[in-house]
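Q: What follows is the residue order along each chain.
2 protein chains.
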Amino acid sequence: MKNYIKHNEWQIIEEGFDPHLNKISESIFSIGNGRMGQRANFEEVYTGETLQGNYVAGVYYPDKTRVGWWKNGYPEYFAKVLNATNWIGLNITVNDEVLDLNTSEVLEFSRVLDMQQGTLTRKFVVKQVNGNVLEVEAIRFCSIVDDEAGVIKYTITPHNFDGKITIESSLDGDVKNQDSNYDEKFWNEINAREDGDYALLNLETKKTAFWVSSAIQTLIKQEGKDLGLKPVFNKKEKYVAQQFEVAVKRDQAITIYKYAVNLSSENYKKEDLEKATIERLKKVVAKGFDQMLTEQANAWAVKWQNGDVVIEGDVAAQQAIRFNIFQLHQTYTGEDARLNIGPKGFTGEKYGGSTYWDTEAYCLPFYLATAPQQVAENLLIYRYKHLEKAIENAEKLGFRHGAALYPMVTINGEECHNEWEITFEEIHRNGAIAFAIFNYIRYTGEQKYLAEYGLEVLIGIARFWSQRVNWSIEKEKYVMLGVTGPNEYENNVNNNWYTSTIATWCLKYTIEAIDLVRIDNTSRLNEILSKTNFNVEKEINHWQDIINKMFYPEDKNLGIFLQQDGYLDKEQVLVKDLPAVDRPLNQKWSWDRILRSCFIKQADVLQGIYFFEEDYDLDTIQRNYNFYEQRTVHESSLSPCVHAIIAAKLGDLDRAYEFYLRTSRLDLDDYNNDTEDGLHITSMAGTWLSVVEGFGGMRIKNNHLHLHPVLPEKWESYAFKIGFRQAIVTVKVDKQKVTLKNENEKALSLHIFGKEEHLIANGTLELNAHSN
Amino acid sequence: MKNYIKHNEWQIIEEGFDPHLNKISESIFSIGNGRMGQRANFEEVYTGETLQGNYVAGVYYPDKTRVGWWKNGYPEYFAKVLNATNWIGLNITVNDEVLDLNTSEVLEFSRVLDMQQGTLTRKFVVKQVNGNVLEVEAIRFCSIVDDEAGVIKYTITPHNFDGKITIESSLDGDVKNQDSNYDEKFWNEINAREDGDYALLNLETKKTAFWVSSAIQTLIKQEGKDLGLKPVFNKKEKYVAQQFEVAVKRDQAITIYKYAVNLSSENYKKEDLEKATIERLKKVVAKGFDQMLTEQANAWAVKWQNGDVVIEGDVAAQQAIRFNIFQLHQTYTGEDARLNIGPKGFTGEKYGGSTYWDTEAYCLPFYLATAPQQVAENLLIYRYKHLEKAIENAEKLGFRHGAALYPMVTINGEECHNEWEITFEEIHRNGAIAFAIFNYIRYTGEQKYLAEYGLEVLIGIARFWSQRVNWSIEKEKYVMLGVTGPNEYENNVNNNWYTSTIATWCLKYTIEAIDLVRIDNTSRLNEILSKTNFNVEKEINHWQDIINKMFYPEDKNLGIFLQQDGYLDKEQVLVKDLPAVDRPLNQKWSWDRILRSCFIKQADVLQGIYFFEEDYDLDTIQRNYNFYEQRTVHESSLSPCVHAIIAAKLGDLDRAYEFYLRTSRLDLDDYNNDTEDGLHITSMAGTWLSVVEGFGGMRIKNNHLHLHPVLPEKWESYAFKIGFRQAIVTVKVDKQKVTLKNENEKALSLHIFGKEEHLIANGTLELNAHSN
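Chains as they are written, first to last, in our numbering: chain F, 66 to 837; chain G, 66 to 837.
Keep in mind the hints are simulated off the structure, nothing from the lab.
The structure displayed is predicted, hence computed values, not measured ones.
Since no wrong hints were added, every one of them can be taken at face value.
Quick list of the computed label-pair ranges, beta carbon to beta carbon:
#1 F:Asp-647 / G:Thr-130: 20 to 28 Å
#2 G:Asn-613 / F:Lys-621: 22 to 30 Å
#3 F:Glu-678 / G:Val-601: 51 to 59 Å
#4 F:Arg-131 / G:Val-646: 25 to 33 Å
#5 G:Glu-460 / F:Trp-134: 19 to 27 Å
#6 G:Pro-84 / F:Asn-256: 40 to 48 Å
#7 G:Glu-377 / F:Thr-130: 47 to 55 Å
#8 G:Leu-683 / F:Gln-695: 49 to 57 Å
#9 F:Gln-243 / G:Val-601: 52 to 60 Å
#10 F:Gly-624 / G:Tyr-681: 38 to 46 Å
#11 G:Arg-764 / F:Asp-647: 42 to 50 Å
#12 G:Thr-130 / F:Ser-595: 46 to 54 Å
Chain F residues, not near chain G, derived (Cβ > 10 Å throughout):
#13 Leu-185
#14 Gln-317
#15 Ala-318
#16 Lys-454
#17 Gly-510
#18 Asn-586
#19 Asn-600
#20 Ile-605
#21 Trp-608
#22 Val-640
#23 Tyr-675
#24 Ala-834
Backbone N, C-alpha and C fix where the C-beta goes; we use that ideal spot for every residue, glycine too.
Okay, chain F solo, but in the shape it has when bound (with noise of 0.2 Å):
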């Protein structure tokens, strides 16, 4: 755990340069818009040790597995989000020594994410080796009205010298993933040229053939005033640079403008790509880093103005909810139904692929409350186009007759991971997917999307789980055997609590939308099941007759849930009795001893218990939560939300504030000691989800949306925004009320303390706080 990070409401601040921080900073600092993404790498050369991060939205090379000992049925390759060209560079040479942060001594430093207006800003002042002293303020981002367009504004102040400077502002192709599995580069030059203007790099991803075109154009003021020097276009394979000679006086700043685009196949015909690319650059260029920032500022605030959670009286947990917030926000922005939020996002390589079960556990109730609907509905068309990929991806593995196992990690359906515990195993995730599609209609009311799409889906992961059970003539059960389960220190188990409850839930939520859809457009249900040749009869009852007779573990003497089968025969030790030297145990312990123990990644059962809530009284829930989260380690960052909903829940506050501010401070203090891989963008929704339905309360339930807001003791007040349905409501708590405040021209019913209160149009209500 870290803690240079300085605490402030709207930004994050790093002051002062320590390069062993530099690699966490450039994660924590990164910029991105949905579209494109960087980590926060410096402009100028560095030679110390770093992470270089450019990132294109839905561009990947499917790099060959590697693997220590194969298993039939791993796939033949791993999809990766691409380091791509990277469009920030700035050479600065001054009196020809190269400007290095690694070789200068740094006067000061300071490094500031502004989450209002989204940029990015450095200011440094170093004297190199040759004496000269110098100031640099650089500010960037990565706009989001112009989603494929990043620009930079560099200031150089010479403090104690006149002399020259030379500025080689570049687009530079020639970049490798570090997590490159037999250290090849993924890209090849498709071509490059220049006008005097702009320099234009197009390059082609080996094996997957995306293009990604760039543009860049470089302006230089002194004084102000433009200094309308003409580039010298320099050359290298994969590199294209703008080189500038400038006339320096002390004290007279210069200061260059990069306007910077970067254009994917994806989104163009090749054949028109580099036109568009050119356009899209003069655009920018005549827009101007000014009015382009007034705009990020402007869009910036609609987002806030949506989606902000206010904490009064604790700076720390206010300026980790909103870094949460912005960072999903430059992830994904929901435009596109192909695209979907990597457990990184664009703030480095790690887990490669793009989508886990995360979206659908995590992600999705987020983006519901604070998003247009489409953005919720675009992640589920995803995986509605990947249903036959899915379908496939079964059928390697032995299931028949349209049953689908979506992948565990994927960029476009096909399957990517190969550790057999996980690929084969972890299958929950098919069922994660099912249980996004009803919190969806929970959520909006819109029983449509099913006839539209979500039986397809339903059909075939229902069909995957009627064929993954087996009968179990000892036990006269279903049994499902052979899973992992999202607590990934157990593998290879057998009847797995989660995975066999989320699984009969699936059977019947299917049961129930194809007779919803049988209701509603009779003509779809018969065109789905004449598409997948559904028996009814046959098939329903199969499913019927696994619902009544699956087995579930639990230990009736405890009154809990057992996590899977015989969990209670290994050494029941608490996490309080762990010594500190042994954690975090994934560090510390051989992996056999981690699944030997009985200490747990994330609990599963309690993640059951909030999926399925209201199937399980107060008690029960307490019973399993005070069982499991003794045995807890949270090394998953997806964890700690999960405890702080039920925390909350069951009224222990400072439990669920502690679980808060863990999961919600995980990157900015280095909890893991891994933010230098980059955030843990999708486990940051779960952040927002311990304090909406953990501190909030809310619920949807019988198309009503529920709060119970409790308010934690070091807090004075907090409040948040959701959007539910028509309305938009404003939820305020402090120690004395509740205000909610309806934002919206139509008047809406809710439930809060557990009573129907009414909200008139833009009305609002006073309650007194809840004493909990």
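Please build the complex by placing chain G on the supplied structure of chain F, with the hints as guidance.
A: Coordinates of chain G only, in the frame set by chain F:
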């Protein structure tokens, strides 16, 4: 399965050249002498498909581990037996055309492995592109008398031309391992030299810095007369050669004699190595090919005299058992306790590291009965030497206080393997190592081995087991969680019956061993107890508690031991009902499907019954055999022999014969379609076991030899010879009678068909054959 090897009692014969079978034949026709060995590659250039392999015992390379997803505790490297300098090379150019079977028309071709004299002979007639027709007869062997030497006699007869033949006789160290993880070459050149007679090449392995010095001398005779040619010396990086040019006439043969030696720094000081190499070469050159061949045949005759198995009435079975015995002797001679028996011996690279549990479980009994006692003892001492490393290995996994976990795969005592379910969990290997000590003492009666070496190993192993179990509050028993049994088609299971059974056996035997050493040699016991910090009362009490309260899964209804917890939850399908297209499962099914199924790679319950046969009554054995045999797919080469032995014991001779054929002709008929990778050397000992312990019913009980010979219907008779303590007994079984011959000067009493009999010195005993 293939069927191209001609059946012959003493020879392995291939006739006609099929390039697609070449890699298989290269494995089958491999030659070696325990100190070095090689695949049956061609001497002349061959541009077709081939796996080149020359190996020097004990010389390895720690190849950096390749892994998909790192798990804590994985080793950094996988030690690989190295492909070493190729000493057989004879590049033959005939009237300027390189001799190459891949580019010539092969008119005649045969390859013969003569097991009686230990030679590989190849004859062929080819027509080259230029029209030359020539005949070659090449005979070579690795001398088991001069075990650092190999020799080739290569005769070329021009059939239809006069002209010029150029011969480049080489040592080529510019070789690599096919399974190099990162495509590296593992050798550096130290130096090379020549003196007009010999050429020498001295190489060093990277990282491990082994030196292997090779030298050759090449002589050429024409029409029986030494031409006295002086070679031209050719030198390239890691390559030396002697080049000759000979004028030839139609039908006048030339014969090339190539003498080669390979000496390693394992056996010489580096500074003495070159000198020793030259001396050794001179010695064998002086001896000459014919003399060496005579000595080779004589030495093999002695081996056969002591260890032949003679089968009458079934040439395929006869050929097969001799092939298995022959290859075992080529691999391991037992003269060097630093060496062990790799699963592929000197016949291929697969499985890299040299030592698996195969040695203790399968090979040891073969050497106990057929070789001087020192051979088996050296196999045990090998593990004794690795005890410290086994303790370190256990410490890495969190075990303490001198607990020892021997590696799954090793060459120097360190673990090499990196699949968590094997490396960390297939811990039954520890049991086999303890059982080998017991087995050695049971067979030899040499209890003093315990005091000298065995007890320290047993204490380390017993401590491991005592820490590896845990108390289950649920079961009120000790349980063993997260293991993989010998049946590797189950991973990470709880309470594998075999592992738990051998674990408590180890505890019992160690307690017994402590008592035995106390009686025999109290001072040595005290020394060991002090060295190991052994707390007699506390540790033994704890062990005794585990012995008393261990959990073993069983099914009382079926009357069987259960392979592991939950085995009967699986869908119970029998192998006979498996569609042929699904087999072998490991090539047709995804890994999870195999794990989830009830199908068994090798039946570990039966392995346990085989080890501890005396603990179970015949009905129990029969029930378990019936149950597990029907579910076993025998996709491990180690599987059929155990089934053969138990089937024979149960009187199921037809099945026993079937299993025997499967184990004995596994490689000759390429049952598993993998012989091209190398031979299954260690399972060859299992073949011998299935004759001697299976059909012969040989057991050692209470210091007595027991026999219960039965005869497979297809055989006229079989005979084998075993050494037991002072005695050497020949057992011959035909349809009418069993004949026992005491080949020694000492009377022996033994049990046959359960009845005690006496064999006087050099005496013969005839009994009626058993009806069984």
